[in-house]
Each structure stands twice: as structure tokens, then as C-alpha cells.
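Using the hints, position chain P against chain X.
Protein chains in written order, with the numbering used here: chain X, 1 to 467; chain P, 1 to 465.
Hints are not guaranteed to be accurate.
What the hints assert, rightly or not - Computed cross-link-like contacts, PhoX-like style, restricted to lysine-lysine with a CA-CA straight-line distance of at most 25 angstroms:
#1 P:K271 with X:K100
#2 X:K256 with X:K375
#3 P:K11 with X:K60
#4 P:K97 with X:K86
As the list claims (entries may be wrong) - Here are the simulated distance ranges between beta carbons:
#5 P:N363 with X:G366: 54 to 62 angstroms
#6 P:G193 with X:F33: 54 to 62 angstroms
#7 P:R70 with X:P84: 19 to 27 angstroms
No wet-lab data here; the hints were simulated from the structure. For every residue, glycine included, the Cβ atom is placed at its ideal position computed from N, Cα and C.
Okay, here's what each chain looks like letter by letter:
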Amino acid sequence: MPPIPLLKPLSNGISKDFKKPNVVTIDVGGQLFQTTIETLTLAGSNTLFSNLFNSSQPHKIPFIDRDPELFSVILSLLRTGNLPSKAKSFDIQDIVFEAKFYGVEDLLVQSQSNSSQFEPFDLEKSMILPLTGRDSPSAIATTPFGSLHVSHGSKITSFDWSLKRKSTTLTQFTAIDSLLSLSSNVVAAGATDFCGLQIIDLELGFVIKTLNWENVTKSGSTVQAIGTSPEYLFTSFESSRRNSNSILVYDLDSFKVVSEIGHNEIFGADLDSAIPATKLNWVPSLNLLMASGSHSGPSGISGNIKFWDIRSRNLVSEIKEKVDCFADITVSDTLSAVFKIGINSGEVSYIDLRNISSDDHWDCLGDSRKVMNVKKEGVGCKIESHGNQVFCSKEGELELWSEVLMGSSTSDKNGKEERIFKKNVLGRSKDIGGNRITNLGFGGNKMFVTRKDQQCVEVWQSSVRRN
Amino acid sequence: MEDEISTDRIKLNVGGKLFETTVSTLQSGGPDSLLAALSNRHIQSSSNPTFIDRDPEIFSVLLSLLRTNRLPSTSRRFTDQELSDEASYYGIESHLKSAMLPNPLSGIDASVVSTIRPASDGFVSAFTAIDDGSVWIAHGGQISVYDWNLTHAGTVRTHLDSITSIKQVTPTAMAAVACDVSSGVHFYNFANGRRIGSVEWTDPTDPRIYKARVTAIADSPDFVYSAFDSYHRENCVLAIDKSTLQVKSEIGRQSGNASKSIVPGNLTYVKDLEVLAATAVTSGAFGFSGYIRLWDTRSARVVWETNEPGSGRSSRFGDSFADVSIDVNELSMCKICSKSGDVAMADLRKLSDDPWVYLRETNPSLSNTSGSISNSVVHCYKKQVFVGRDGGLEVWSRVARNGGNDNDIGEESFRRNYMDKVQDSERGIISKIEGGGERLFVSREEAEGLEVWQSSVFSGAVLVL
Chain X
1 MPPIPLLKPL SNGISKDFKK PNVVTIDVGG QLFQTTIETL TLAGSNTLFS
51 NLFNSSQPHK IPFIDRDPEL FSVILSLLRT GNLPSKAKSF DIQDIVFEAK
101 FYGVEDLLVQ SQSNSSQFEP FDLEKSMILP LTGRDSPSAI ATTPFGSLHV
151 SHGSKITSFD WSLKRKSTTL TQFTAIDSLL SLSSNVVAAG ATDFCGLQII
201 DLELGFVIKT LNWENVTKSG STVQAIGTSP EYLFTSFESS RRNSNSILVY
251 DLDSFKVVSE IGHNEIFGAD LDSAIPATKL NWVPSLNLLM ASGSHSGPSG
301 ISGNIKFWDI RSRNLVSEIK EKVDCFADIT VSDTLSAVFK IGINSGEVSY
351 IDLRNISSDD HWDCLGDSRK VMNVKKEGVG CKIESHGNQV FCSKEGELEL
401 WSEVLMGSST SDKNGKEERI FKKNVLGRSK DIGGNRITNL GFGGNKMFVT
451 RKDQQCVEVW QSSVRRN
Chain P
1 MEDEISTDRI KLNVGGKLFE TTVSTLQSGG PDSLLAALSN RHIQSSSNPT
51 FIDRDPEIFS VLLSLLRTNR LPSTSRRFTD QELSDEASYY GIESHLKSAM
101 LPNPLSGIDA SVVSTIRPAS DGFVSAFTAI DDGSVWIAHG GQISVYDWNL
151 THAGTVRTHL DSITSIKQVT PTAMAAVACD VSSGVHFYNF ANGRRIGSVE
201 WTDPTDPRIY KARVTAIADS PDFVYSAFDS YHRENCVLAI DKSTLQVKSE
251 IGRQSGNASK SIVPGNLTYV KDLEVLAATA VTSGAFGFSG YIRLWDTRSA
301 RVVWETNEPG SGRSSRFGDS FADVSIDVNE LSMCKICSKS GDVAMADLRK
351 LSDDPWVYLR ETNPSLSNTS GSISNSVVHC YKKQVFVGRD GGLEVWSRVA
401 RNGGNDNDIG EESFRRNYMD KVQDSERGII SKIEGGGERL FVSREEAEGL
451 EVWQSSVFSG AVLVL
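This is chain X alone, in the form it adopts within the complex:
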């Protein structure tokens, strides 16, 4: 039988090929169900259903010794790709467990926590995930299907995609500053006060591998930032003596070093080289790695943003930050722009990536006079991009920046296309404010927010299809 495309379930169940006995009857726990082989095949090739009708006695009604009501939910999921409303009378845990038995958990995840269901304009605070103990979350890592890892103190607590189950692993770190999920249960964790990057299997609860950078001074190396591309794992290391730094590129499967980029040894007064990258973003469309770091010096805070070609190890472009250096920075591939929040102004600025050159300047999206601000309004602000939007936190508030696409493009005096970005403050008035936001993460159809001194994670999601 040819494979049926996953996204096109046969809603009416009628097939053109009438010769085959397509309608099948199954007895589940004493209740009879009728469906088609096509519907059951949607579950996948090597599941309980696919083996059900391969028996030698095709005339017999196969029997499955499971709960019939839960099966009817699973069957609806197979038929429509969605959970029926009657599934609400069950705990999602029951359905997850049953879906695992029938081998259709992937379909369930697709229907419940799909990243295409992420609706930035419809986000509302829906859930609080409490954490045990007294430590506040220091870093979070998400997976594309909405599961979450939170580091708090020396522990990492993992929540599954339904956010109903959790497990906690104790690590060797005192606190984790960088956390990145590599697969559903493997994370990379690093800290600015602990040597080495650890690849931790959270299901088995132990360290698979510790990656270290052999620097010249033979001192340990701390992790400043972690990033990933579909092929590579990037880690920004700084030697414990803080006199050299480098970005190592590892193969994502074997964790072997592929190359080393941007190696800096600090001699004399070259301040700029002393800045390790504290944020690593992969830009898929340009095939470049954006490495950014900042440094507080005698002449204020300065920083740099470098774009690296991984294969040739060449520095493609560099933006030096002297005035109103970024407090946090992100790159949006879909918007083809780099967004920063200025440390002095506290305003969001962007640079168009489509025609990037080193003499490019930032377009401030707010009050551009505040660039020369002496107050540091941007301290502690976070900025992250997800989908077509840029999310920015200022103290306890969350701003959502999105591009307004105008029918006819206007150009400014330099001939550059003018882009319009507008902001909204996220949340209803009761959800606005609170302690300063320390982490923003996105996974599945959810946004995760952690706040200073709050031993919990906030979950924001759209009101549609909330489980």
C-alpha cells in the first residue's frame, strides 16, 4: 500500500478502490469500532494497528484489550488529526499513555503542541509551573515540540511536552548559566564559573561528555554561551584566567571539534579582543554564525557583533558597538534583521541584514535621542526573536515587535527601504508587570517566561487548542 501523506487525512473514509475491504471492524474492550485501513495506517508503519490486519485470519474481528472510550479519542485523532472535545473529560496524561500504547504519540504531539499553532498576538499567561526548592531559574531550554528544561541552582527540571510530568536531575554545577537542548532528553549545560561544557542525558541522569577547550595557559575554560545549527554545536569559551577566548564548533552527533573560530589571546591594551562572545545565534539563510559580546570598560560599555562563516572560518562582517551598546541582542532570520536593546536608551534598534555592511548604523525604533542617555535603562532587558516577531522584556513587561508590511515600499534619503516595526505590550492588565524577566523561551505553541526571585516558570499560550 502506498504511504498516505500525513497532512491529508481521509475525512470521509471512502476510498476509490472498492475492491479492497477497506472498512475494518475492531473490537476494543468489548465495543466495536469501524474505520478504514487508511485511517489506521496514519498511525505509522510499525505500530499495533499495522500489525492488526496482517494476520492469517482476515475474517475475524481483531480484539484489543484496552479501554474503549480512550480508544475512541485516539481514533478521532487518527481521523481528524485533532483531539475531539470529549477528550477534555480525560486527563491529558491518560491520552498520552494510551497514544504511546498505540504508537501514535507523535500525532498527538503534532495536534497539541505544534509550533505552527504559536500565535504571538493571542498569547496569554495560562499556566505556572512550580519548581521545588529555593533556587530561582537561571536558564531555560526548549524543544521544538514544547518540552522544557529549567535549570535552578544545581538542578535541572525537565517538563514533558504536555507540561504535566516532570523530572529533576542534579548536576555538578552550582548554577547553570547556559542551557541548550540538543534532543528531547539531552542538554548542553555550561556556567561562567565552572569549567567545561557538559552534555547531560536528563533521562539517565548523567553526563555523557564533558567538552573542554585546551587553551594556551592550560587553565580551565568556562562557558560563556552555547548555540546550535542543524549540524553544529557552538560554544564560546573563556579561559579561567580570562586572558583568552574562543568559539569552538563541534559536530552535533559525535561532539568532536570541527573547527575553532575567533580565537583571541589578549596582549596589551587591545580591549576589543578581550570580549568573549556571550550570545551565539545561527542565521540559516546566510549560513553565518552571529557572535556577540560586550564589555564594561573605562569609556563605558563597548561590544562587538561578528558574523562568522563556519566553513572558511572567516570573519564576514563586524559591527562595533561604542555608543549605546546592546544589553541583549538577537537575530531574526524571517525578518532578516538584527535587533538589539540599547543599554543606555533601553530602546529597540535594528539593522537590516539583507545588505549588511560594516558601516551600517542602527535604526532606533523608539526615542532615538535616548541613545545618549546617561542612565542605563536597558540593563537586564532581554530580547529574543521567534517566528515573525521579536519579543523584548523591559523589567517585568513584555513587548512584542512585529513588522507592518505596507503595500508600497518607501525609501529614505539614502535609498534604503524603510521598514515599519510596531510594538505591543503583551498580556492583559492583570498579567502585566511583576518581577524582572530573566529568561524567554519558545517551544511548540508556547512561550516560557522566568522572573527574578520566582521559583516557577510562566507558560504563555494561545487560547485556541490549549490542553
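The following block gives chain P in isolation, referenced to the frame of chain X:
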């Protein structure tokens, strides 16, 4: 093979609702269960569905349990009592029990799930946790038993006005109780609520031994050990035969006129080593002092002992322990130092002159604040060390090294974390911590009830819409 499965099928009519399942599912409940018996009968006469005159909805929960080995969420419609009553009707209560038991206790992932509050005299004066997760609580002269499911199984009123020591006399439903103001150890049968016997310490050759009070009780397979303290501080441990409730022998009689000969405040029987461990701690104007003493129960000889302060058996001179706990399963012992607040562990199999390994805190933000802490309790259980400092509850748990699972105690093989939140610690000074089953019971001074800490795989997500 397909054929086998289909003849395996069985239909049941429970309270008018038809269920279909397999014989193997029904028999997974155990050979003695009613369902297994039904399924056997069914094979001989397989025409009509067997009728069972019970509630079909609870049956569907229990059938799910047999099929999947987990309780479905529909079980929340029924109380634990209903479920366990119905499960015992079908003879599958052991199945239900294993599905309802809490997850393995992990201190870093535990939270208070409930507080047991006896209906009257709610201040817990003593308690003992049992291996299956049940707990026996002494409060205001009563003993209340809460079963594995923490449901109240019954209360017995004793003749004592208050109970300061309680132990279950295994394997019976008998409790050994004692009070620190009246004499003797008393045995109560929990099944009928009667006192079965009492044991007093008497010595015909020494008239001073009179009305000795009991400060600690330990249970071993054959004997109950109790520490007796007479009014002029002469003290000893008596081994009481379980079957006759008569004194069998006297261990370690001492004068009680120095801190290293006072009556033990705690007795633990270590079954694997056949050793009885006694610990005593006193505190006075010059700080804490006390001893740990281990007897071989067969020869009644001291096999190891340490006195603090004073002996060379601690590298921390002058930092005497404030509490000691012995883990009889892991054969380890831990102490908490009274001045520094440090926790030290020792392997009971490798006791030497200075067996203590002091667990090192690597997290600077968790550095000790022991200067102001005057009340600390320690309890080691399930390879973890639980520490109560005033109201705060901490846990030291083993860090997994790269795949290795070594059982050696090293300075850095444990990490410390808070189990509680700041507001939890404000409920009162922790007076006793004890683990039983996969639960941790915590009692607090001047606070009613007994806290139950459990680990759970459920995230406890709170909807805020």
C-alpha cells in the same frame, strides 16, 4: 497465535455494563484474586457473560489498572477508600497499592503533599515511620495509625498522659510506647486496643533502680531494646523478648554521672551487622557533648564508640555533634556538627578511629549560616541526608559522576539543596525527620500535625486563567 488470543477473550457483565477483556489481563491480578477465579470458571462454561453485581464505573477503573498498570484519571472520581474497598473485593489490592504508591523519594524534587492532622491533641509528641509508607503517631497519650495510603486506620488511647517514644514491634500490630515522665515501656496491641504488657527495669541487688523511665526504643527481629534511665541517672539498655515480653538481658549499664555515660536518647538496631547503636546528646553551657556506641548484640560487647568532644575520633575538635542518624539500609551514619553546622558521614562497615567524611559545600551562596542556628536535626534515608536547621529543610543528594554509581563517600560526592521554600521554614522549628517507604515525615515544634513530603512526576502546573 491469533487463535489463542481470541479464545483468551472473556466477557463480563458488571452491574449491567458489558466489559470484554482477556483472561490474561484478569489473571494478572494474581492467582488468588476473584477475577482470576472467575476467568478460570469461564473457560469451562463460555456462553453468557459472567455477571458481577458491583458498580461498573469503579470496575472500569480497576480494569484499566489491570490493563495498563496505572490508575486512569477517572479514578479521581472515587475516594481512595472506595477504590481500595473495591480492589479488595476483586482481590487486587496489591495491584492498586503499587499503582498508588508515591514515586521514589528524591529530596531535590520533593514537596509537602499533605499534613496529617489528628482530630484531637494535634501536637505530635513522637512518631515512627514504617517501611510501607505508613506512620504511627503518638499525640496526647493516643496512638494513631495512618496506613500506606495515609488514611486514618485507627486510634488507641493509652494509659500514658504523653508518649515520647514509639516503635512498631514488627511484624505484629503491636506498639511499644514510653513516656519520659513515667516509668517503663508498654506494649499495646493495636488490633484490640489493649495493653498487653509492660516492662520495668528492676534490680534486686540495687534498690536505687526504681521507676526507671524509658528514653529510647529499638526493634529487632527477636528483641525490643529500650534504654532505661533511673532517677539517680544510672542507666542501661534492656533486651526484651518479643514473644514473652520479659527482660532477656541487660546491656551497657552505666552510672550516668558524665556526659559519656548518660542514657542514650536514641537506639537503632542495624540488622545486617547485628549491631545495636546508641546515641546520646546533651547540651549545656559549654556546648554539645555526647557519644555514639555500637554493641554487638550477640556478645553484648561494645564494638565501636566515640565521645565528642574529647576523643580523637573526630578531626573537628570542639565541634561536637548535635544530632546523629543511622541509615540501616545503606549502612551509613551521619552527624551534624553543633558549631559549624557541617554534615559528616561514615560507613558503618569501615568504622575506624576517625571515620567521618565531612561533606563539602561547593556553592558559595549556600555557605553555612550556622552561627545563629541552635536546633539542627539530621536523618539519612535512601542515600540522601536530610537536615533540618531551625525551620529550614535541606537535602544532601549524591551527584552522578560520569555514568558511575560508586557508593564510596567522598567529600564532594554529595550536593546540598534546599527542599523547602522560605515560607515553609516559617512553620516552626523542625523537631524530627524520619523516612518511611517513599515518604519523608517531618514534625515541627509547636506546630500541629505531621508534614508528609513526597516526590512526584506530576508537574503540578497551576492554571492561572
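Go through the numbered hints given earlier and state which of them the structure violates, listing their numbers in rising order.
-> 1, 2, 4 and 5
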